[in-house]
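Engineer: Just so you know, the protein sequences line up as chains A, B and C, in that order. Number 100 in our numbering belongs to position 100 of the first sequence; there are no gaps in the numbering. Number 20 in our numbering belongs to position 20 of the second sequence; there are no gaps in the numbering. Number 62 in our numbering belongs to position 62 of the third sequence; there are no gaps in the numbering.
Errors might be hidden in some of the hints.
Here are the simulated SDA-like cross-link-like pairs (lysine to any residue), alpha carbons at most 20 Å apart as the crow flies [claimed, not checked]:
| id | chain 1 | residue 1 | chain 2 | residue 2 |
| --- | --- | --- | --- | --- |
| 1 | C | 3 | C | 204 |
| 2 | B | 189 | A | 372 |
| 3 | C | 85 | B | 172 |
So these bits of chain A aren't anywhere near chain B, every CB distance computed over 12 Å [claimed, not checked]:
| id | residue |
| --- | --- |
| 4 | 6 |
| 5 | 124 |
| 6 | 387 |
| 7 | 394 |
| 8 | 455 |
| 9 | 463 |
| 10 | 497 |
| 11 | 498 |
| 12 | 584 |
| 13 | 588 |
| 14 | 620 |
The hints are simulated quantities; they were obtained by calculation from the structure and are not laboratory data. Backbone N, C-alpha and C define an ideal beta-carbon position, used for all residues, glycine too.
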Amino acid sequence: MRSRIEKIYMGIILVFMYAPIATLIVLSFNGSKSRARWGGFTFKWYINLFGDDKILNALANTLIIALISTVVATIIGTLTCVGLMGLKRRSRAFIMGITNIPMINADIVTGISLMLLFKVLRFGTGFVTVLLAHVTFNIPYVLLAVMPRMKTINPNVYEAALDLGAEPFYAFRKSVLPDLMPAVLSGALMAFTMSLDDFIITYFTKGSGFDTLSTKIYNEVKRGIQPEIYALSSIIFVVVIVLLVTSSMIKGRQGTGAKKKVSLYKVEKKITSGQAFAIGAVTVFIIMLGLYFGGVFARKSNQLFVYNAGEYIDPKVIDMFEAETGIDVIYDEFETLEIMYAKMVQDDSAYDVICPSDYMIAKMIDNGMLRELDLDAIPNRKYIGEQYLESAKSFDPENKYSVPYCWGTVGILYNKNMVEEPVTSWDILWNKKYAGQILMQDSIRDAFMVAEKRRGYSLNTTDPDELSKAADDLIAQRPLVQAYVIDQARDKMIGGEAALAVIYSGEVIYTQRENPDLAYSVPDEGSNVWIDGWVVTKHARNPEAAMKWIDFLCRPEIALMNFDFITYSSPNTAARELIEDEAIRNSEVAFPSEEVLERCDTYSYLGEDGDALYNDMWKKVKSGG
Amino acid sequence: MFNSRKTSRLLASPYIAWAMIFIIVPLGMILFYGLTDESGAFTFANIAAIAEPVHLRSLILALILSVISTVICFFLAYPLGMILARNKLSSQGIITTLFILPMWMNFLLRTLAWMTLLENKGVINGVLDFIGLPEINVINTPGAIVLGMVYNFLPFMILPIYNSLSSIDDNVINAARDLGADAVQTFFKVTLPLTVPGIISGITMVFIPALTTFAISTMLGGSKILLIGNIIEQEFTLSYDWNLGAGLSIVLMVFIVINMVVSALSDKKGEDR
Amino acid sequence: MSKELIRLENISKSFDGELILDDLNLTIHENEFVTLLGPSGCGKTTTLRIIGGFETPDKGRVIFDGQDITALAPNKRQLNTVFQKYALFTHMDIAENIAFGLKIKNKPQEYIEDKIHYALKLVNLEGYEHRMPESLSGGQQQRVAIARAIVNEPKVLLLDEPLGALDLKLRQDMQYELIRLKNELGITFIYVTHDQEEALTMSDHIVVMNQGYIQQEGSPEDIYNEPENAFVADFIGDSNIIHATMVRDELVNILDTDFICVDKDFGENKPVDVVIRPEDVELVPRGQGTLPGTVSHVIFKGVHYEMEVQAGGFEWLVHSTRMFDAGTEVDIKVDPFNIQVMNRPESEDEEAMVIDV
């Protein structure tokens with residue numbers, strides 16, 4: 001009876017723990033890229049996974065960092081626990097207090113504080129800094145796991161062993177360690193797990209061109225997950241299960257060899273040689289894997305560091321560029337422009353070529369972070385439509401620093417089955433009828449743009465009165481909003497989670513493909529027209545390659561490949577002519593009419609004070625006034 | 001090793017050195033940033049900023065949600081720890097690992113999966129619909145954030161509690177029964193007090209990350225619910241106001257002190273050896 | 001003999017399909033010091049735990065003072081246990097440990113304090129009230145464990161190898177301490193040990209167990225002098241156990257030599273085992289005894305010499321105050337009263353069951 005209740009209880013908790021994992025495994029076989037729609041059963045993500053060097057490389061990095069940091073942290077942590085037992089209570093409490101610091105601090109603080117440290121020490125960020133950071137936050141987990149056990153250990157045991165003539169280390173290994181081992185192992189397991197799971201600290205200490213699985217995933221959570229990641233996670237999960245079962249089988253076989261002794265009230269916890277072998281084998285395998293993919297230690301000479309938004313290029317284009325020029329492209333993705341900017345402030349030579357949006361380009365020009373382009377090296381710039389270069393002057397007055405890459409409008413994506421009236425005004429986002437059905441952009445400028453345009457203000461206003469009115473409107477709107485999202489809007493709209501969403505025009509073609517009930521409108525009050533352009537950083541280490549990169553992307557057939565892949569409007573007029581599907585070539589969404597563009601403006605950089613004003617107002621909006 | 005202070009120092013020294021370089025010094029930098037303004041002049045403004053309604057509200061909300069999550073975790077984990085510890089004879093290693101295994105799938109992915117499960121048109125509502133029960137509206141509410149916290153941090157509660165429970169000698173429990181205590185008295189007078197170190201560990205390991213999280217609140221709260229972690233994150237990544245971000249972090253560090261005091265007090269009893 | 005207190009009736013118990021106790025019957029009387037003696041795994045601790053209520057038998061009944069307590073929870077039983085490795089509450093000081101049972105029973109504070117004082121005095125630990133258990137030595141912790149049990153005034157005190165973790169000198173001291181305690185308290189002690197010397201020293205009544213069966217019960221003298229089978233003989237003290245043939249009543253053939261003995265009713269020419277204690281083997285000069293042999297080793301043991309004698313193809317162990325040098329040719333002589341004749345079992349299992357059946 002009692003054991004049945006226990007089983008049911010364990011079962012419920014296990015279901016709770018594994019429901020999301022089952023979901024992920026199901027998603028890994030989903031034919032549709034959107035997690036909100038079932039597109040039939042497929043193996044293609046698994047097949048693609050093994051061709052994806054980036055993911056495999058990130059996996060190898062993750063495992064190697066996790067393994068080394070776990071071993072180092074476990075050794076240091078266990079020694080510390082033993083040492084602490086002999087110290088005065090006060091020093092012990094003090095050290096345990098210090099130990100709590102990395103755990104209690106927001107990860108972002110730990111990450112940034114370490115980043116500052118490495119910067120002061122002039123330590124080049126990369127593999128080593130990530131490793132140091134991981135050891136730092138792993139030791140506390142080992143300490144917290146081992147310490148309670150340590151306190152239960154009778155020092156006489158160790159003294160007894162010493163008394164029997166054992167060397168101190170031998171005595172420790174034979175007398176104390178076996179008792180401590182379960183706790184040490186659980187500490188190590190915890191450390192390994194934390195290392196696998198960490199994102200933020202890694203992000204701030206990793207430098208450019210180095211990714212672990214979680215930094216890669218975080219990029220994608222905001223941009224939309226590549227289903228290959230689901231496939232990889234499922235594989236990892238299955239591998240771990242298999243390892244577990246195997247090790248317990250080895251253990252079981254060894255157990256039956258010797259005659260079972262009756263030891264009813266105590267179970268000895270020791271690692272059998274079978275388990276030790278399994279652990280060793282896995283270690284070797286992981287290291288081999290790392291060396292094979294070589295991303296950890298290899299640094300080649302002719303490299304180009306590219307920093308782009310997520311899913312903002314056809315990966316084949318990168319391969320083609322590498323094949324043609326022999327330049328090795330290190331391609332990183334940022335999730336928001338703000339994070340990209342923070343990164344560049346930290347290390348201004350981290351990337352050679354970047355693709356930010358209009359106002360951010362202005363800001364970077366303003367702060368002297370960009371280099372003038374060598375237009376002679378970019379002959380293909382001639383394929384960019386004159387009107388786009390003209391628009392770009394709003395943020396790059398002489399077109400000296402940037403070449404437009406994509407552009408589009410911001411508008412309302414709505415579900416025709418859920419919205420009856422025509423969508424012609426931003427007002428609809430304040431309509432109580434759609435309470436809980438509205439998705440707003442989780443981005444300061446886009447959110448304020450909606451409120452400003454609705455009231456007929458400029459979307460670049462810095463007038464405090466206008467701004468606070470806009471903020472009040474947004475606060476009033478907040479109860480109606482289901483969520484503030486970035487790219488999640490896509491999946492949620494496809495899945496019918498919401499009726500209305502503020503979205504970039506580039507997402508429309510893809511979402512309509514997945515859910516034909518969706519329609520897009522740029523409200524009559526006007527909106528934002530945005531341009532993303534490629535820029536080269538002031539302290540770029542390889543500016544020549546950066547120019548080649550930009551030139552390559554301006555080729556009409558390359559621009560077309562990118563358009564087909566990312567479905568964002570291209571300013572490359574030659575490429576547009578090459579689009580075969582007439583409906584798309586003439587799509588009002590992909591290439592809005594002059595009439596629409598006339599009521600749209602670009603964002604300009606508002607200066608530090610303007611930014612601060614917006615930030616303050618935004619915080620108020622998000623926390624409800 | 002236990003008695004010689006010199007050996008003890010030697011053993012603890014690598015970590016002490018490590019902690020100085022990688023914990024204390026960086027912390028000093030945060031303090032520096034938190035106590036200066038952009039021009040580098042000394043100020044308390046960044047710390048006083050916690051009193052602004054926006055910040056205070058997010059701090060209080062974060063405290064409430066993380067306390068609730070910690071309490072739920074405790075009440076889920078303790079019985080589970082007891083079940084696991086009691087079944088020592090079975091393959092407990094595997095069973096224990098089963099509760100940690102989910103953490104090997106990236107927590108962002110797992111949280112994303114919860115979105116898929118909890119959404120209004122998500123899996124759970126689909127199932128509820130199918131069996132004719134009313135749908136639930138959890139996503140983008142504080143409830144969803146609590147669920148995400150409990151889900152992500154539960155293993156941190158299970159492990160230390162299980163560890164301290166399994167290190168109790170069966171005969172200590174038997175002794176209590178033998179001396180006339182019934183099951184309930186035995187639990188409250190013996191089992192529970194003996195596992196206090198594990199409970200403290202567990203609470204620390206759940207409460208703190210829950211208090212400072214921003215990813216969970218962003219994903220399951222629809223970015224509508226700002227916790228103190230979100231505010232700090234925004235100061236660093238969005239507003240570049242590192243001074244303010246650092247100042248607010250210093251406020252969070254008050255909780256380190258509280259935690260240290262609690263641990264030190266609970267450590268006192270076992271210390272009289 | 002005093003009044004019956006505990007009766008185990010047909011107790012069987014198995015763990016994971018392995019039979020630990022098989023149809024065990026045992027009666028324990030009031031005010032007795034009973035020792036369950038046997039090698040590890042013999043079922044003695046399980047028996048104790050069944051009495052204590054920490055295990056429930058698969059079959060059979062436990063009768064305490066005329067009442068069936070088989071299903072009664074441990075906290076409802078009028079007995080207390082002193083556990084192996086003490087099992088003190090490490091989060092409480094000594095006084096709190098001792099007061100535990102009394103507080104559970106809601107005794108008045110004054111009564112509890114008196115009891116703590118009395119119990120600590122009884123176990124010679126006055127002044128230790130506010131020490132923590134882990135700051136005490138093993139012997140002191142053991143005495144606290146005893147104090148903690150006896151303040152509850154149990155009718156029976158169960159002791160599970162309580163001296164196992166102590167060193168030899170301390171163990172001997174504690175043995176006398178326990179006898180003194182038992183006499184002062186006037187209650188029943190049920191004591192589990194694998195140490196035959198401990199059992200012989202302290203017990204009024206010894207129960208020798210092996211493989212889940214009771215091999216022999218009786219006073220220490222009975223057990224020592226008249227072991228009923230080879231296992232008991234071998235387990236209790238040193239002995240010479242030799243295959244022999246019972247020629248007829250009162251005559252046994254050992255190593256092709258006839259010895260006169262006092263045993264009867266084994267039948268004629270039956271294979272048997274004989275047990276002869278080393279101190280019962282007399283060595284006499286050649287020609288004066290029954291069986292000729294040669295001394296091969298001599299060790300001085302203080303009160304006596306321990307000698308090995310090769311005789312009739314068997315290595316005899318002999319304890320004697322009279323010393324013969326190694327190499328001396330001697331004769332062996334045994335008093336008929338000192339030859340213990342036992343049935344010889346055909347197999348190990350039968351060996352275990354032989355007495356019980």
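Engineer: Please list, smallest to largest, the hint numbers that this structure does not respect.
Structural biologist: Numbers 2, 4, 10, 11, 14, in rising order.
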